Structures are given as C-alpha cells and as structure tokens.
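For the protein sequence lines, the chains are A and B, in the order given.
Quick note: the first sequence uses numbering that gives the first Met the number 0, first residue 0, plus one each step.
Quick note: the second sequence uses numbering that gives the first Met the number 0, first residue 0, plus one each step.
If you're looking for bench data, these hints aren't it; they were derived computationally from the structure.
This structure is a prediction, so every number in the text was calculated from the model and none was measured.
Honestly, I wouldn't trust all of these hints.
Quick list of the computed label-pair ranges, beta carbon to beta carbon [claimed, not checked]:
no.	chain 1	residue 1	chain 2	residue 2	range
1	B	G9	A	L200	10 to 20 Å
2	A	A52	B	S16	50 to 60 Å
3	A	R110	B	T67	36 to 46 Å
4	A	L214	B	V140	47 to 57 Å
Virtual Cβ for every residue (Gly too), placed ideally from N, Cα, C.
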Amino acid sequence: MARPAAVTARPGRRRGDGRNAALFATPSMLGLALFTIFPIVMSLVIAFFHWPAVGTREFAGLGNFTTLFHDPVFRRTLLNTLLFVVLYLPVNLVVSVGLAVWISPRMKGRRLLRVVFFLPVVTPMVANAIVWRLIYQPGGLIDGTLKSVTGTHAPNFLGEHGWAMLAVVAMSVWQGFGYNMLVFAAALDAIPEQIVDAAQLDGAGPWHLFFRVTLPMISPSMFFATTMTLITSFQVFTQPFLLTGGGPGVDTETLMMFVYNQGFSIYQFGLASAAAWILFVLILGVTAVQFAGQRRWVNYDV
Amino acid sequence: MSELSRRRPGRTRLVVSHVLLYLVAAAFLSPLVYMVATSLKPAAEVFGSPPHLLGSEVRWSNYREAFTFLPFGRFVLNGLVVAVLGTLVVLVASSMSAYAFAKLRWRGRDSFFLVFLATLMVPQEILVVPMFMVMRWFGWVDSYQALIFPWAFSAFGTFLLRQFFLTIPQELEESARIDGAGAVRVFTRIMLPLAKPALAVLAVFTFINYWNSFLWPLIIINSVDRKATVPLGLQLFFGQQGTQWNLVMAASVISMAPTTALLIVLQKHLVRGIATSGLGGR
Numbered sequence: 000m001a002r003p004a005a006v007t008a009r010p011g012r013r014r015g016d017g018r019n020a021a022l023f024a025t026p027s028m029l030g031l032a033l034f035t036i037f038p039i040v041m042s043l044v045i046a047f048f049h050w051p052a053v054g055t056r057e058f059a060g061l062g063n064f065t066t067l068f069h070d071p072v073f074r075r076t077l078l079n080t081l082l083f084v085v086l087y088l089p090v091n092l093v094v095s096v097g098l099a100v101w102i103s104p105r106m107k108g109r110r111l112l113r114v115v116f117f118l119p120v121v122t123p124m125v126a127n128a129i130v131w132r133l134i135y136q137p138g139g140l141i142d143g144t145l146k147s148v149t150g151t152h153a154p155n156f157l158g159e160h161g162w163a164m165l166a167v168v169a170m171s172v173w174q175g176f177g178y179n180m181l182v183f184a185a186a187l188d189a190i191p192e193q194i195v196d197a198a199q200l201d202g203a204g205p206w207h208l209f210f211r212v213t214l215p216m217i218s219p220s221m222f223f224a225t226t227m228t229l230i231t232s233f234q235v236f237t238q239p240f241l242l243t244g245g246g247p248g249v250d251t252e253t254l255m256m257f258v259y260n261q262g263f264s265i266y267q268f269g270l271a272s273a274a275a276w277i278l279f280v281l282i283l284g285v286t287a288v289q290f291a292g293q294r295r296w297v298n299y300d301v
Numbered sequence: 000m001s002e003l004s005r006r007r008p009g010r011t012r013l014v015v016s017h018v019l020l021y022l023v024a025a026a027f028l029s030p031l032v033y034m035v036a037t038s039l040k041p042a043a044e045v046f047g048s049p050p051h052l053l054g055s056e057v058r059w060s061n062y063r064e065a066f067t068f069l070p071f072g073r074f075v076l077n078g079l080v081v082a083v084l085g086t087l088v089v090l091v092a093s094s095m096s097a098y099a100f101a102k103l104r105w106r107g108r109d110s111f112f113l114v115f116l117a118t119l120m121v122p123q124e125i126l127v128v129p130m131f132m133v134m135r136w137f138g139w140v141d142s143y144q145a146l147i148f149p150w151a152f153s154a155f156g157t158f159l160l161r162q163f164f165l166t167i168p169q170e171l172e173e174s175a176r177i178d179g180a181g182a183v184r185v186f187t188r189i190m191l192p193l194a195k196p197a198l199a200v201l202a203v204f205t206f207i208n209y210w211n212s213f214l215w216p217l218i219i220i221n222s223v224d225r226k227a228t229v230p231l232g233l234q235l236f237f238g239q240q241g242t243q244w245n246l247v248m249a250a251s252v253i254s255m256a257p258t259t260a261l262l263i264v265l266q267k268h269l270v271r272g273i274a275t276s277g278l279g280g281r
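Construct the entire structure; sequences and hints are all you get.
Structure, rendered in structure tokens:
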C-alpha cells in the first residue's frame with residue numbers, strides 16, 4: 000500500500016477524507032464487528048464454559064476439550080473428517096486438472112463443456128444430494144442397472160460399512176471439482192504458447208510436457224486450489240448430512256456434523272464451540288504446513 | 000507452423016478424444032438427467048430394472064403437485080427475496096467500504112483493512128453457535144432478517160472491490176475533486192459505474208450463495224412451512240415425501256432453475272470471476 004511520496008505529501012487538500020471514510024466504512028465495519036469479530040471472541044469464551052442453551056453456565060476450564068477427546072464419537076468424527084479430506088482432495092485435484100488439460104483449445108465446444116462440469120457447483124447442494132440418494136439407494140439407478148445387466152444386486156452404498164464414506168466422497172467430487180477445473184483452465188489458458196512450442200521442438204512427449212512444463216506453469220493455481228479445497232473439505236457437512244445422516248453408525252459423521260449436533264440437537268454450546276475450535280486449529284495447522292511447503296513446489300517465476 | 004502441426008496428434012486421435020470427452024460429459028450429467036427424468040414419471044415407475052429414461056407417460060402435473068403439496072411456491076418466493084435483499088446489502092456495504100479502503104486517506108486505514116483480511120480466514124463453523132446466540136439476543140431467531148444480515152458483511156466483497164478500485168487511476172478521482180465533486184459524488188458517479196463488471200460478478204456469486212445456503216437456515220428457521228428458503232424446504236419435502244421421489248425430483252429441478260439460468264446467461268463473467276479472484280469456492 001505504499002503511495003508515491005508526492006501524493007501523500009499533500010495532506011491539506013483532502014481534509015474531508017476522515018469524515019468521508021467514517022461515512023463509507025461504517026456499515027461494513029459495524030457489520031463485521033457485530034457478525035464476525037464479536038462471534039469469534041464469543042465462541043472462544045464459550046468453548047471454556049459449560050454453556051447449555053438454557054440453564055446455568057459455569058466455567059469449565061479445559062473441561063470441554065478433555066470431554067471431547069475422551070468421547071469416542073468425537074474421535075471417530077475427527078478420523079472420518081481426515082479420511083474424507085484424504086480421499087476427496089487428491090481425487091478432486093486429479094480429475095479437475097485432467098479435465099482442464101483435456102478440454103484444450105483444440106476441442107470443439109469448450110465453453111459448453113466447461114459450463115457442464117461447473118453446473119453442479121452452482122446447483123443447491125441439497126438437490127444434488129437428494130438425487131444421489133436415489134442413485135445410490137437399493138432399487139435406484141446403480142442397483143437397477145446392475146441387476147438388469149448382471150442379475151445381481153449392488154451393495155447398499157449408503158448403508159454399508161466401508162461403502163458409505165466412499166459414496167459420500169464420490170458424490171462430493173462430482174459436485175465440487177468443476178470449480179477447480181475452471182481455476183486450472185484459466186491458468187492453462189495463460190501459459191504462453193511459445194513455451195509449449197519450444198518444449199515440443201526440443202522433442203518433449205506429451206507426458207514429459209505435462210509433468211515438466213504444464214504442471215510447473217500452473218503450480219500457483221495448484222497451490223490456490225489445494226489450499227481452498229483443503230479448507231472447505233474439512234468443513235464438509237451437507238453431503239453426509241443428507242446422504243447418510245452420518246451413518247451407518249457414525250461411519251460418515253464429520254466434525255461439522257458433530258458441531259451441529261452438539262449445538263443444535265442437544266444444545267451444548269460449550270462443547271460445540273470447543274469442537275469448532277479444534278476443527279479450526281486443525282485447518283489452520285494444515286494451511287500453515289501448505290504455506291511452509293509451497294517454496295518446494297510452487298513456481299511463481301512466470 | 001507446419002513443422003509444429005505435424006508433431007501434434009493426428010486427426011483420428013482428435014476425433015476419438017472428442018468422442019470420449021463428450022461421453023464423459025454425458026456420464027457426468029446423467030445424475031441431473033436422471034433427476035429431470037424422474038420428475039416427469041408416475042410415482043409407481045420411479046424404481047425399475049432396467050431403469051428407463053421415460054415412464055409410460057410424461058407427467059408435467061408432478062410440477063403442479065410439487066407446488067401444492069407443501070408451500071413450495073412460498074419457499075421459492077422466500078428464497079428469491081432473501082437472496083435479492085442479501086445481495087443488495089452486500090453490494091452496498093462492500094462497495095462503500097471498498098471505496099474508503101482504496102481511495103480515501105484516513106488514520107488507521109491499513110490496520111483496519113488487515114483486520115478485515117484476517118476475518119476471511121475464519122470459517123463459518125466457528126461462527127454458527129455464537130451467531131445463533133447473537134440472533135437470540137436480537138430476537139431474530141426464526142426471522143427473515145436472520146437469513147439476510149449475519150453473512151452479508153463478510154470481508155470478501157470489500158476485498159474484491161477494493162482490489163478493483165485500486166486499478167482505477169488516482170488522477171480520475173483527483174481531477175473530479177479539483178472540479179469540486181465531493182467523495183459521495185465521486186463514488187456514485189465515477190467509481191460505481193466503472194466497477195460494474197466487478198459488481199456484477201460479486202452480485203451473481205452472492206445471489207447463488209444465498210440461494211443455495213443450507214446450514215444456516217437449518218439452524219435459524221423454526222417455522223419451516225412459512226419461512227424456509229428453497230434448500231431447507233427441499234429437505235423438509237424430502238423428509239415428508241421420501242417415498243414420492245417423482246415429486247421430490249420435481250422440486251429439486253425447480254430449485255436448480257435460477258442458478259442454472261444465471262450460469263448459462265453469465266458464464267463469461269462467472270468464469271472470469273473465478274479466474275481472477277477465486278470467488279465462489281465452497
């Protein structure tokens with residue numbers, strides 16, 4: 000935000016700026032204070048209290064956190080969330096990079112194809128989740144097709160251990176990768192053609208071209224997409240909530256579902272806030288690792 | 000050039016690549032096709048092996064039924080009102096503060112902006128519980144205000160528009176000022192018209208976010224049959240009509256309509272918004 004000295008050195012001329020700034024910035028600053036900063040502080044306070052929605056509150060110290068770490072359900076939701084992230088992130092990235100590269104300038108109908116793959120991203124998640132329930136369900140699209148072709152039933156994807164999480168991940172990838180695909184498509188379009196031509200003249204084959212030229216050239220977008228996808232996938236809620244309700248058992252219950260249940264089913268705000276902070280710290284930690292590691296693989300000298 | 004094109008894959012491979020890609024796209028779209036197909040079937044024909052694209056008749060009346068079984072028309076109206084008003088609040092508040100941060104000089108500006116930026120890091124899940132409590136103090140639980148205001152002051156819009164205002168040459172502002180225009184006039188007559196593309200992108204993504212939002216309405220709305228927005232109403236519909244898949248699918252198709260229309264009409268702006276600012280990630 001450095002300004003040329005010549006501009007800042009004329010303080011007299013814009014004397015009304017302070018008053019104007021108050022006028023222009025106040026709505027946002029008030030809103031942010033009331034609806035973001037105050038709730039953050041509040042949340043941190045609540046996390047250290049036994050704080051039922053109704054009834055007496057008392058200071059709990061680290062009580063909520065120890066309760067959580069002794070709670071097998073919480074530990075399981077922590078594991079489930081990590082499992083979701085570990086499965087979802089790489090599949091999302093591979094599919095979105097792959098399709099972004101595939102829909103190259105030589106393909107006809109590029110714009111249409113991009114819109115098609117982006118469509119579920121802007122569709123209400125609830126609608127997406129409901130149709131996938133019908134697809135997964137016994138007698139649904141997959142089961143019905145399989146039975147007519149092979150005569151055997153498909154597994155009950157949403158109700159069987161081992162399948163439920165995979166089903167949630169698959170639906171989430173379908174729903175979400177179009178966003179990253181567009182990010183990569185924009186980055187690919189920005190690669191100067193001469194660089195690709197030069198590499199091809201030097202005899203680079205398609206694989207070599209992809210791993211040695213294309214990937215390094217889009218590594219900043221890769222970093223952006225990885226970071227954003229990590230952050231959002233840690234907060235996954237709607238897909239498991241509507242597809243499996245967290246089941247079978249607690250196989251697909253995620254941290255965000257745990258926060259929701261603690262807060263708004265059994266109304267233990269203290270526990271819910273403590274769980275939310277654990278999730279936040281986890282996200283911060285992973286993001287920090289991402290940023291620390293970026294020097295090794297992200298190439299900004301383009 | 001001819002030297003280069005000879006090295007590129009031949010015509011046959013290009014055709015095969017096209018065919019495969021369009022097959023992948025078709026498979027990708029099949030859940031949505033299945034949604035539309037099911038929405039037009041008689042209830043008894045939803046399940047079947049092998050699944051058919053079309054039932055024995057095309058039942059447009061499912062859509063009428065979807066609107067009458069639950070007050071789905073009400074949900075659509077609620078959703079539109081909340082999304083439009085929310086978008087307006089976001090546009091007004093964030094363009095004003097963006098102007099203050101980009102173009103005005105005042106003490107504490109850069110520190111305040113840092114605070115704005117820092118709040119971008121905080122995800123919604125930290126906020127839902129305390130936000131619910133704030134709503135309780137305001138007496139806003141189960142209200143339309145609660146659907147509109149709490150998320151309208153996210154720093155994102157301010158950040159996006161500030162970056163845009165910074166690209167507008169300072170001389171433009173200075174010369175208007177010398178001509179006697181005040182900040183309000185500069186803002187409404189110069190800045191806002193110039194920022195139209197950025198405002199449009201922000202508006203579209205904000206509208207879509209409001210329209211699709213599920214977790215917060217689920218938390219804050221109790222009288223679902225009157226105040227639900229579309230996703231919440233859809234979930235209710237699903238709970239009550241779980242067996243009537245054709246009606247549930249008709250309602251789902253309706254819920255997709257506004258965002259799909261926006262995507263098709265404004266695809267260029269949306270793509271640019273994502274490419275330049277990372278808007279709309281979720």
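Between R110(A) and T67(B), is the Cβ distance one that fits in 36 to 46 Å? 39 Å, holds
Distance restraint hint 47 to 57 Å, applied to the beta-carbon atoms of L214(A) and V140(B): Distance hint for L214(A), V140(B) holds at roughly 50 Å.
Look at the Cβ atoms of G9(B) and L200(A) and judge whether their distance stays inside 10 to 20 Å. 19 Å, holds
Assuming the hint says 50 to 60 Å, is it satisfied by the Cβ distance from A52(A) to S16(B) or not? Given a distance of about 58 Å, which is inside 50 to 60 Å, the answer is holds.
Consistency with the previously given hints is maintained throughout, with no hint failing.
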